[in-house]
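Produce the complete structure using the sequences and hints provided.
These protein sequence lines map, in sequence, to chains A and B.
Taking the numbering used here, the leading residue of the first sequence gets 1, the next gets one more, and so forth.
Taking the numbering used here, the leading residue of the second sequence gets 1, the next gets one more, and so forth.
It is possible that some hints are incorrect.
As the list claims (entries may be wrong) - One-sided excerpt, in silico: chain B residues whose CB lies under 8 Å from chain A:
1. P68
2. E431
3. V441
Claimed, not checked - Just a sample of chain B residues kept apart from chain A, beta carbon distances all over 12 Å, derived:
4. A90
5. A94
6. T129
7. A139
8. N225
9. S333
To be verified - Label-pair ranges, simulated between beta-carbon atoms:
10. P139(A) x T322(B): 25 to 31 Å
11. A115(A) x N325(B): 40 to 46 Å
12. T389(B) x A115(A): 37 to 43 Å
Quick caveat, the hints were computed from the structure, so don't treat them as lab data.
We treat Cβ as the ideally placed atom computed from N, Cα and C, and that holds for glycine.
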Amino acid sequence: MFLLLFFVFAFYVTLAVTFGGIDPILQTPDPQWNPARWDTGALTYTISNITHSDGIYHGAFLRTIGYVAISTFLCLVVGYPFAYFLARHAGRWRGLFLALFLAPFWISYMLRMTAWIGLLEDDGLVNRALQGLGLAGAPVGFLDGRSSTLIFGLVYGYVPFMILPLFAVLDRIPASSLEAARDLGASPRATFFRVTLPASRQGIVAGAIVCGLPMFGDYFTQQLLADTNGTRMLGNFIVESLQIPIFVARGAALILVLLALLVVPIVYYLWTISRASRERLA
Amino acid sequence: MPQQPMRRGLSRRDFLRRTAMAGVAMPSMAAILAACGGGAQETVGGGQTTGATSVENPYGTGGIAGAPYPLARLDAPVTWNILDDNPPIASGLAPETDTTLKIFNWNYYLSKSLMRQFGEQHGVTVELTTFDDMADGIAKVTSGQTDFDLFFGVQIYTLGRLIAGGFLQPLNLDYIPNLSGNVWDQLQSPFYDQESRYSVPYGLWDTGIMWRNDLVTVDIAGLPNPYDVFWTDAPRDKTHLLNNSRDLLSLGMFRQGQTEVNTDDPGVIDAAKLQVAEVVAATNARFDHNDYADIPRGRAWLHQSWSGNVGSAFYFLPEGDTAPNISYYWPGSTEGIPGNADNDTVTILKGARNPVLAHLFIDFILDTENATTNYTTYTGYQQPMKGITPESLVGSAVVPEHLASTVVREEDFAKAYRLLELAPDVEALWESAYQEILAGV
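So, in structure tokens, the structure goes:
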């Protein structure tokens with residue numbers, strides 16, 4: 001029932017809007033519920049503008065994939081050591097460390113990003129620190145539409161979604177497995193790469209999925225931290241299209257394309273879970 | 001207002017408030033359409049001739065064709081029909097009592113103290129519900145699931161569809177004497193709603209240039225063509241443009257002296273796109289309407305702006321700061337240079353439960369003193385009141401003298417070019433050009 005209400009129905013509405021029309025008077029989207037009458041113009045337009053190198057969505061499509069891939073990888077780089085520390089070395093303080101780490105994320109995403117604007121602007125704390133330390137002669141334009149600032153924002157915003165599944169998996173690795181490796185003469189490095197890392201693969205995949213998927217639809221981080229044409233993502237075009245009533249179908253078509261794109265990693269994730277379950281039962 | 005359907009991403013007022021809390025929106029008629037700007041009307045594409053010839057339509061008389069209802073133009077005004085099943089209320093009715101007057105409005109676009117004051121005067125509760133985007137506002141109003149009495153901030157290019165859709169109630173002007181008494185003569189029976197049958201004017205603004213005069217030292221007001229500053233002296237990474245197709249592309253048109261800012265000519269639209277793209281490429285320009293915050297804080301040095309946003313900028317300054325570093329200029333003030341100014345409206349919804357109170361509230365908000373309070377203490381957007389002039393506001397120290405140009409004069413408004421409702425297929429041309437600019441293609 002939950003799936004029917006919150007996914008199947010919502011998905012069908014998106015389809016009906018994508019393949020629907022425009023109310024002639026109100027000029028608002030006029031969903032077409034009858035598949036026999038669907039107009040595929042918006043979807044064709046969208047796909048064409050993604051696949052052609054001079055299409056309006058082409059650049060944003062490539063940038064989105066690039067930004068998400070890099071940001072997800074960096075989330076893993078940042079999140080894995082922390083999750084490992086929590087699971088293996090924090091002892092009775094793990095709850096405290098986890099709470100302290102998650103505390104900033106109790107604040108809304110928008111406010112946290114807005115705070116970063118204050119920190120990164122020309123006369124912000126970061127620039128003053130860099131100049132005070134002699135590391136920069138003039139203010140660094142962090143907010144002048146830099147990809148690096150956008151990636152930083154994405155990593156900062158989504159890293160908890162990487163840490164939590166990693167922590168859950170790392171915490172479940174039996175200490176006896178690690179001890180057995182060491183007893184067999186494996187070095188700590190070898191133990192990590194031959195036991196811990198493979199055992200945590202499911203957490204890595206889960207973290208990457210949970211962390212990366214929302215990034216694909218993110219637009220707010222770009223708007224606040226790097227709002228120029230050179231960093232525009234697909235999410236930005238979705239939001240902008242949805243705000244123009246006659247272009248809502250294009251926005252909905254972009255959502256469908258994004259959804260189709262995301263089905264691949266989701267299917268992979270489900271496959272890994274299924275395989276892990278079979279291995280446990282075997 | 002200020003926040004036209006397309007004038008927005010995150011609502012300006014929403015952003016304003018949230019930032020402060022942080023500490024800081026047929027038929028295919030490629031055949032018709034006349035482009036018009038401040039008075040000049042032309043018929044394009046071999047379609048129906050307009051202008052002196054009225055277009056007969058079930059919803060109203062006048063205007064030009066292009067939609068199921070007439071599209072208003074300055075030289076083709078529209079008189080909306082009053083239908084038998086939707087008459088105005090009778091005169092002389094007593095206001096509703098023991099009730100709640102429900103107002104639907106943009107966020108931060110009506111003084112709360114004025115709502116409270118009206119409620120106390122009539123012994124009723126005034127309840128405000130806000131929206132961040134006109135498309136969302138229309139969706140809610142047309143859903144049939146709401147019972148709002150008043151709909152504030154309805155743009156003149158949204159008015160026609162709401163009237164044609166049967167969602168607005170005709171006004172009985174007997175209850176609104178302040179319209180004829182206090183409002184600019186040119187807006188008492190405006191071209192978009194002759195005889196003010198369904199609306200009265202509310203906020204207004206002109207579209208100009210806001211800048212930090214300590215960081216951009218060019219005498220913009222002294223330039224032969226003030227728009228040139230965006231092409232000649234705009235600072236890289238510190239130049240911002242408005243984030244909607246109409247204002248953005250009309251910038252390129254105005255700069256070239258093109259006044260057909262409601263054109264359906266793809267060539268004109270494309271030329272404007274190329275003009276704006278030059279600015280974007282040279283300055284790495286951003287697109288937003290956060291000038292009220294970004295200019296005072298130095299995040300933006302040069303911004304295409306609405307005059308009303310300059311007023312909002314004072315929220316971001318310390319008490320008593322007269323913003324000496326902030327300047328604003330409306331290029332239409334320069335002889336021979338075209339400029340845009342527009343207004344929005346207040347309407348009463350057809351299903352209003354308190355129609356008398358709603359009329360009285362409109363009259364209340366058209367009181368000069370109340371309108372001044374609304375403008376100077378809350379919205380930053382002025383109303384077209386005869387009693388509100390740059391001199392009266394500067395004289396009362398509400399507006400610093402160097403920003404007196406943010407107060408739109410009646411004579412400037414009269415000569416300004418208007419960004420009016422387009423036929424859907426024409427609007428698609430404008431929006432596509434805008435998206436191409438955003439995409440850098």
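Does 25 to 31 Å hold as the CB distance between P139(A) and T322(B), or does it fail?
26 Å, holds
Evaluation of the interface hint that places E431(B) against chain A, nearest CB under 8 Å
Hint holds; E431(B) Cβ to chain A Cβ min 5 Å, cut 8 Å.
Taking the beta carbons of A115(A) and N325(B), is their distance inside 40 to 46 Å?
25 Å, violated
Please check whether V441(B) passes as an interface residue: C-beta within 8 Å of a C-beta belonging to chain A.
6 Å, holds
Taking the minimum C-beta separation from T129(B) to chain A, is that value above 12 Å?
Consistent with the label, T129(B) stays out of reach of chain A, its closest Cβ about 19 Å off (over 12 Å).
Any Cβ of chain A at or closer than 12 Å to A139(B), or is the non-interface label fine?
Violated: least Cβ distance 6 Å, not greater than 12 Å.
Could you let me know if the closest chain A CB is still more than 12 Å away from the CB of S333(B)?
30 Å, holds
Consistency of the no-contact label for A90(B), given chain A and a CB cut of 12 Å:
Answer for A90(B): holds, closest chain A Cβ roughly 29 Å.
Verdict on A94(B) as a residue remote from chain A, using beta-carbon distances over 12 Å:
35 Å, holds
Would N225(B) pass as off the interface with chain A, using Cβ distances and a cut of 12 Å?
Holds, because the least Cβ-Cβ distance between N225(B) and chain A comes to about 25 Å, which exceeds 12 Å.
Range agreement (Cβ of A115(A) with Cβ of T389(B), hint 37 to 43 Å):
41 Å, holds
Against chain A, run the beta carbon of P68(B) and see if the smallest gap drops under 8 Å.
5 Å, holds
Going down the numbered hints, you'll see the structure goes against 7 and 11, while the others check out.
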